[in-house]
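Engineer: One letter stands for each residue in the lines below.
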Amino acid sequence: MSDLSLSGRRGSLAACLLRGRGLGGLLLLGVVVALPFFCNAYWLDVCVSIGLYALLALSLNLILGQAGIFHMGHAAFFGVGAYTTAILNTMFHIPVLWLMPVSGAVAALFALIVARPIIHLRGDYLLIVTIGIVEIVRIALLNDVGGITGGSNGIFGISRPQLFGFRIYKSLHFYWLVWGMVGLTLLLFYGLWHSRVGRALNYIKADDVAAEGCGINVAFYKLTAFVLGAFWAGMAGTVYAAKMSTIAPESFNFMESVIIFAVVILSGGSQLGVLISAFLFIGLPELLREFSDARMLIFGLAMMLMMIWRPQGLLPCLPRRYGRLRALMASADTAKEHHA
Amino acid sequence: MEQFFQQLLNGLAVGGIYALVALGYTMVYGVLKLINFAHGDLFTIGAYLGLTLLVSGGLAGSLPPVLAVLLVFFMVGLLVALIGCALERVAYRPLRKAGRLSAVVSALGASIFFQNAVMLVYGARPYVYPNSLRPDFTIELFGYALPGMRVMVIAATVALMLALWAFIQKTRMGAAVRAVAIDQGAARLMGINVNRIISLVFLIGPGLGGMAGLLVGMYYGKIDFTMGWTYGLKAFTAAILGGIGNIPGAMLGGLLLGVVEALAASYVAFAWKDAVAFCVLILILIIRPTGILGERTADKL
Amino acid sequence: MSLLELTDVTKIFGGLIAVNEVSFSVEPQSVVGLIGPNGAGKTTVFNCITGNYRPERGSIVFDGKDVTGVAPHRLVERGIARTFQSIRLFSTLSALENTLAGRHCRLRSGWLASMLHTPSQRREEREAVRRCMQELEFVGLAEHAEEKAGSLSYGNQRLLEIARALASDPRLLILDEPAGGMNDQETVALVDTITAIRNRGITVLLIEHDMRLVMRICEKLVVLENGCLIAQGEPEAVRSHPAVIEAYLGAEDEAW
Numbered sequence: 054m055s056d057l058s059l060s061g062r063r064g065s066l067a068a069c070l071l072r073g074r075g076l077g078g079l080l081l082l083g084v085v086v087a088l089p090f091f092c093n094a095y096w097l098d099v100c101v102s103i104g105l106y107a108l109l110a111l112s113l114n115l116i117l118g119q120a121g122i123f124h125m126g127h128a129a130f131f132g133v134g135a136y137t138t139a140i141l142n143t144m145f146h147i148p149v150l151w152l153m154p155v156s157g158a159v160a161a162l163f164a165l166i167v168a169r170p171i172i173h174l175r176g177d178y179l180l181i182v183t184i185g186i187v188e189i190v191r192i193a194l195l196n197d198v199g200g201i202t203g204g205s206n207g208i209f210g211i212s213r214p215q216l217f218g219f220r221i222y223k224s225l226h227f228y229w230l231v232w233g234m235v236g237l238t239l240l241l242f243y244g245l246w247h248s249r250v251g252r253a254l255n256y257i258k259a260d261d262v263a264a265e266g267c268g269i270n271v272a273f274y275k276l277t278a279f280v281l282g283a284f285w286a287g288m289a290g291t292v293y294a295a296k297m298s299t300i301a302p303e304s305f306n307f308m309e310s311v312i313i314f315a316v317v318i319l320s321g322g323s324q325l326g327v328l329i330s331a332f333l334f335i336g337l338p339e340l341l342r343e344f345s346d347a348r349m350l351i352f353g354l355a356m357m358l359m360m361i362w363r364p365q366g367l368l369p370c371l372p373r374r375y376g377r378l379r380a381l382m383a384s385a386d387t388a389k390e391h392h393a
Numbered sequence: 191m192e193q194f195f196q197q198l199l200n201g202l203a204v205g206g207i208y209a210l211v212a213l214g215y216t217m218v219y220g221v222l223k224l225i226n227f228a229h230g231d232l233f234t235i236g237a238y239l240g241l242t243l244l245v246s247g248g249l250a251g252s253l254p255p256v257l258a259v260l261l262v263f264f265m266v267g268l269l270v271a272l273i274g275c276a277l278e279r280v281a282y283r284p285l286r287k288a289g290r291l292s293a294v295v296s297a298l299g300a301s302i303f304f305q306n307a308v309m310l311v312y313g314a315r316p317y318v319y320p321n322s323l324r325p326d327f328t329i330e331l332f333g334y335a336l337p338g339m340r341v342m343v344i345a346a347t348v349a350l351m352l353a354l355w356a357f358i359q360k361t362r363m364g365a366a367v368r369a370v371a372i373d374q375g376a377a378r379l380m381g382i383n384v385n386r387i388i389s390l391v392f393l394i395g396p397g398l399g400g401m402a403g404l405l406v407g408m409y410y411g412k413i414d415f416t417m418g419w420t421y422g423l424k425a426f427t428a429a430i431l432g433g434i435g436n437i438p439g440a441m442l443g444g445l446l447l448g449v450v451e452a453l454a455a456s457y458v459a460f461a462w463k464d465a466v467a468f469c470v471l472i473l474i475l476i477i478r479p480t481g482i483l484g485e486r487t488a489d490k491l
Numbered sequence: 002m003s004l005l006e007l008t009d010v011t012k013i014f015g016g017l018i019a020v021n022e023v024s025f026s027v028e029p030q031s032v033v034g035l036i037g038p039n040g041a042g043k044t045t046v047f048n049c050i051t052g053n054y055r056p057e058r059g060s061i062v063f064d065g066k067d068v069t070g071v072a073p074h075r076l077v078e079r080g081i082a083r084t085f086q087s088i089r090l091f092s093t094l095s096a097l098e099n100t101l102a103g104r105h106c107r108l109r110s111g112w113l114a115s116m117l118h119t120p121s122q123r124r125e126e127r128e129a130v131r132r133c134m135q136e137l138e139f140v141g142l143a144e145h146a147e148e149k150a151g152s153l154s155y156g157n158q159r160l161l162e163i164a165r166a167l168a169s170d171p172r173l174l175i176l177d178e179p180a181g182g183m184n185d186q187e188t189v190a191l192v193d194t195i196t197a198i199r200n201r202g203i204t205v206l207l208i209e210h211d212m213r214l215v216m217r218i219c220e221k222l223v224v225l226e227n228g229c230l231i232a233q234g235e236p237e238a239v240r241s242h243p244a245v246i247e248a249y250l251g252a253e254d255e256a257w
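Protein chains in written order, with the working numbering: chain A, 54 to 393; chain B, 191 to 491; chain C, 2 to 257.
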């Protein structure tokens with residue numbers, strides 16, 4: 054597993070540290086570990102919230118940041134996941150954590166069905182369609198489709214998750230659950246980024262026609278990025294449902310989508326950027342509580358200013374490292390000679 | 191039949207308003223390739239400014255209602271146009287060289303900012319346009335009695351659209367707008383001041399949007415500070431439906447969306463009205479991926 | 002048997018016949034040039050072969066199998082690689098990563114293996130990087146492996162496109178104006194590179210305006226004018242063909 058961590062390859066962790074990224078990552082890790090010791094219950098809840106948005110934004114980053122698919126409807130998949138958990142848990146009393154993969158799978162299946170006919174749409178056309186999907190899902194939930202979503206009241210009485218007999222119910226427990234998931238996600242998605250698949254997504258973002266011409270199955274990768282992102286959002290939905298124990302359609306509206314979208318764009322595309330951006334976006338409105346009514350006004354203003362300040366995002370992805378290429382060439386030469 | 195006819199007309203009135211707002215989206219998109227998410231909130235500002243000028247400004251009392259409304263109509267257009275132009279200067283111009291989505295986030299921020307600014311100034315409760323300002327005559331057509339307000343809204347939107355069409359197609363400035371939309375670099379080389387054209391577009395688009403806000407206030411009688419999101423989203427849908435960047439497309443998309451929605455609300459289910467609009471959009475885009483009038487640009491290889 | 006066989010390929014754009022019943026074949030391990038005045042439909046023929054356009058009529062047979070209308074990425078898997086006339090590199094990515102794009106279709110690691118960096122995935126990656134470095138070396142860009150593609154000189158960008166195409170182990174390499182924008186020195190080097198590609202057993206089909214280059218390396222020429230094939234055969238024979246002289250008369254930039 055060590056190979057998956059920030060280093061990936063020999064020597065590159067040092068390079069990261071020199072560039073300040075590794076240091077930033079370690080600092081963040083320290084902050085995440087230390088926070089529970091300094092936060093009161095209220096701020097701990099905020100931190101759980103930040104973790105949830107980080108999960109959502111990391112999964113959207115795959116679609117929007119890496120593959121360049123204009124997707125502003127991530128809240129729909131989040132909502133589908135949360136409702137799947139809520140319905141199955143309250144109706145059939147299936148333990149919440151078992152429902153995590155199930156909710157992910159349902160969200161992924163939903164994404165597959167809706168994205169299949171629209172994934173080839175260009176930029177802004179796709180953007181409005183994904184917004185439309187959020188709205189359709191929200192309206193469907195409000196209208197109590199199939200009599201199982203509870204209409205505008207939503208669903209309440211979702212049970213608390215249990216992990217190996219340990220009941221997760223305090224904010225602190227959820228804090229570790231969420232941030233543990235964030236940590237795992239970081240590792241897995243870092244691996245994905247530094248691989249054939251991650252590169253394929255980047256090629257598609259840069260120039261989909263050229264990517265197709267190089268032998269990359271553009272439609273397949275776009276669709277699978279979408280589906281995997283939805284799977285993650287669905288799992289985040291499970292955690293959200295378990296944390297709140299009550300969910301309602303308004304938690305999955307267009308505004309939620311906008312915030313997840315903005316977190317990804319401000320991040321610049323790197324994972325560390327996503328985390329910092331999530332802290333800014335979710336933490337900032339909380340810091341502004343004392344301004345009460347004016348807090349969203351300042352929030353909007355801050356959104357504009359942050360983009361003007363850093364149009365390319367906070368931390369764009371660093372180039373991937375492929376080890377010592379010279380050495381590789383030398384060994385290739387000797388191999389060739391050997392062959393001859 | 192009566193119900194169908196009335197709903198059709200209602201759809202045309204609402205559709206005309208969508209079309210006016212959609213024009214703002216599509217024109218801005220045409221020159222900057224930017225979705226101005228704050229446009230819906232400029233529309234809200236138009237509705238509120240109109241109310242302020244009419245009621246608090248006392249224009250409604252001192253002038254005959256028709257004249258007052260007409261005067262305020264253009265004043266609102268002008269004021270919102272200025273706000274739109276300032277918005278472009280402050281929030282979009284610095285981001286012109288950055289990625290397209292950075293400007294989108296800035297636009298979303300602007301939207302949140304405007305929406306909350308309206309709320310802070312006017313409060314969160316909805317406002318009501320005075321009934322005395324609404325025309326109470328009816329017109330007989332094919333044996334049906336048509337509410338005067340409906341007819342006036344349709345007339346106003348048609349007039350504005352025709353005026354815009356004439357401006358874009360028949361004037362030198364209009365030609366410059368079209369040129370910038372096709373190729374900014376080439377337009378600059380031809381001696382067109384691109385920044386001025388972009389500012390002009392940010393005057394016209396928000397101006398029309400602001401006027402549409404006043405029309406909505408007059409038509410429905412009630413306004414609230416979140417209305418920009420709904421109308422903005424619908425108008426954006428209309429612009430995409432017609433083919434974004436295409437001016438006749440926005441008009442067509444707006445009218446089509448209004449009619450489809452009105453008919454769906456009365457024949458399908460009112461609660462699903464908003465979902466119907468998006469379903470129509472998705473269906474049309476599956477058949478025509480670039481909208482009804484959008485050009486299918488073959489990829490240059 | 003021919004490696005590539007076009008039969009009556011016809012492509013129409015909104016009523017305009019861009020390519021009209023063009024038939025020609027490409028023998029294995031040869032270098033074939035597709036020439037003709039601007040707008041003759043050369044690139045359109047290429048785009049039909051690479052699957053970017055679907056011809057209205059006619060068939061394209063590659064290695065004995067009908068490939069008409071097959072998706073571009075599938076054709077790369079089957080062994081047809083291409084470069085673009087207007088360079089289409091991934092300009093923000095490094096030269097090495099651009100080359101890895103061509104290698105993509107020969108790698109097998111899926112989403113899960115990529116997330117987990119399984120031992121086989123890592124072995125495959127190492128091998129891919131090594132192979133791509135060899136291709137960069139082959140075109141003379143190994144020094145620039147970690148530079149952004151967009152920062153390379155114009156001539157080097159053309160070479161990088163060739164390296165990217167070669168990384169997919171093609172049997173047919175399609176080059177769209179490989180010498181476009183190159184200086185004389187670079188063009189001379191390109192002749193050697195194309196010869197070396199042929200010597201690797203890869204068949205080359207190219208569009209080129211530089212007639213000196215075409216005459217030096219092509220074993221066969223196919224001439225298009227207004228979408229129609231007007232002549233084909235050995236370079237010397239084609240050069241003296243009356244229809245070809247007619248087509249090129251007065252075209253000063255086409256120095257013979």
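None of these hints come from the bench; they were simulated from the model. Wrong hints could be hidden among the right ones.
Restricting the straight-line Cα-Cα distance to at most 27 Å, the calculated cross-link-like pairs of lysine-lysine (DSS-like) are [what the hints assert, rightly or not]: (1) B:Lys287 / C:Lys149; (2) A:Lys258 / B:Lys360; (3) A:Lys258 / C:Lys149; (4) B:Lys463 / A:Lys258; (5) B:Lys360 / B:Lys223; (6) B:Lys360 / B:Lys412; (7) C:Lys66 / C:Lys221; (8) B:Lys360 / B:Lys463.
Here are the in silico distance ranges between beta carbons for each label pair [stated by the list, open to error]: (9) A:Leu340 / B:Leu331: 57 to 67 Å; (10) A:Leu337 / B:Ala365: 42 to 52 Å; (11) C:Glu28 / A:Arg377: 35 to 45 Å; (12) C:Ser87 / B:Leu379: 17 to 27 Å; (13) A:Pro170 / B:Met363: 33 to 43 Å; (14) B:Lys287 / A:Phe145: 35 to 45 Å; (15) B:Ala376 / C:Gly151: 15 to 25 Å; (16) B:Met380 / C:Thr119: 36 to 46 Å; (17) A:Ser345 / B:Ser456: 35 to 45 Å; (18) C:Asp64 / A:Leu371: 52 to 62 Å; (19) C:Arg131 / A:Gly236: 31 to 41 Å; (20) A:Ser345 / C:Pro120: 19 to 29 Å; (21) B:Leu310 / A:Arg377: 56 to 66 Å.
The model shown is predicted, which means the values in this text are computed figures rather than measured ones. In this text, a Cβ means the ideal position worked out from N, Cα and C, and glycines have one as well.
Engineer: Look at each hint and say if it fits the structure.
Structural biologist: We went through each hint and held it up to the structure:
1. B:Lys287 / C:Lys149: 20 Å, holds
2. A:Lys258 / B:Lys360: 40 Å, violated
3. A:Lys258 / C:Lys149: 16 Å, holds
4. B:Lys463 / A:Lys258: Distance ~35 Å between B:Lys463 and A:Lys258 Cα, so the pair is violated.
5. B:Lys360 / B:Lys223: Since the Cα atoms of B:Lys360 and B:Lys223 sit roughly 24 Å apart, the hinted pair holds (cutoff 27 Å).
6. B:Lys360 / B:Lys412: 37 Å, violated
7. C:Lys66 / C:Lys221: 23 Å, holds
8. B:Lys360 / B:Lys463: 38 Å, violated
9. A:Leu340 / B:Leu331: 57 to 67 Å: At roughly 59 Å between Cβ atoms, B:Leu331 and A:Leu340 fall inside 57 to 67 Å, so the hint holds.
10. A:Leu337 / B:Ala365: 42 to 52 Å: 45 Å, holds
11. C:Glu28 / A:Arg377: 35 to 45 Å: 43 Å, holds
12. C:Ser87 / B:Leu379: 17 to 27 Å: Given a distance of about 20 Å, which is inside 17 to 27 Å, the answer is holds.
13. A:Pro170 / B:Met363: 33 to 43 Å: Holds: the Cβ-Cβ distance is about 41 Å, inside 33 to 43 Å.
14. B:Lys287 / A:Phe145: 35 to 45 Å: 55 Å, violated
15. B:Ala376 / C:Gly151: 15 to 25 Å: 23 Å, holds
16. B:Met380 / C:Thr119: 36 to 46 Å: Hint violated: Cβ distance 58 Å, outside 36 to 46 Å.
17. A:Ser345 / B:Ser456: 35 to 45 Å: Between A:Ser345 and B:Ser456, where Cβ atoms are some 42 Å apart, the hint holds.
18. C:Asp64 / A:Leu371: 52 to 62 Å: Since the Cβ atoms of C:Asp64 and A:Leu371 sit about 42 Å apart, the hinted range of 52 to 62 Å is violated.
19. C:Arg131 / A:Gly236: 31 to 41 Å: 33 Å, holds
20. A:Ser345 / C:Pro120: 19 to 29 Å: 56 Å, violated
21. B:Leu310 / A:Arg377: 56 to 66 Å: 59 Å Cβ-Cβ, so the 56 to 66 Å window holds.
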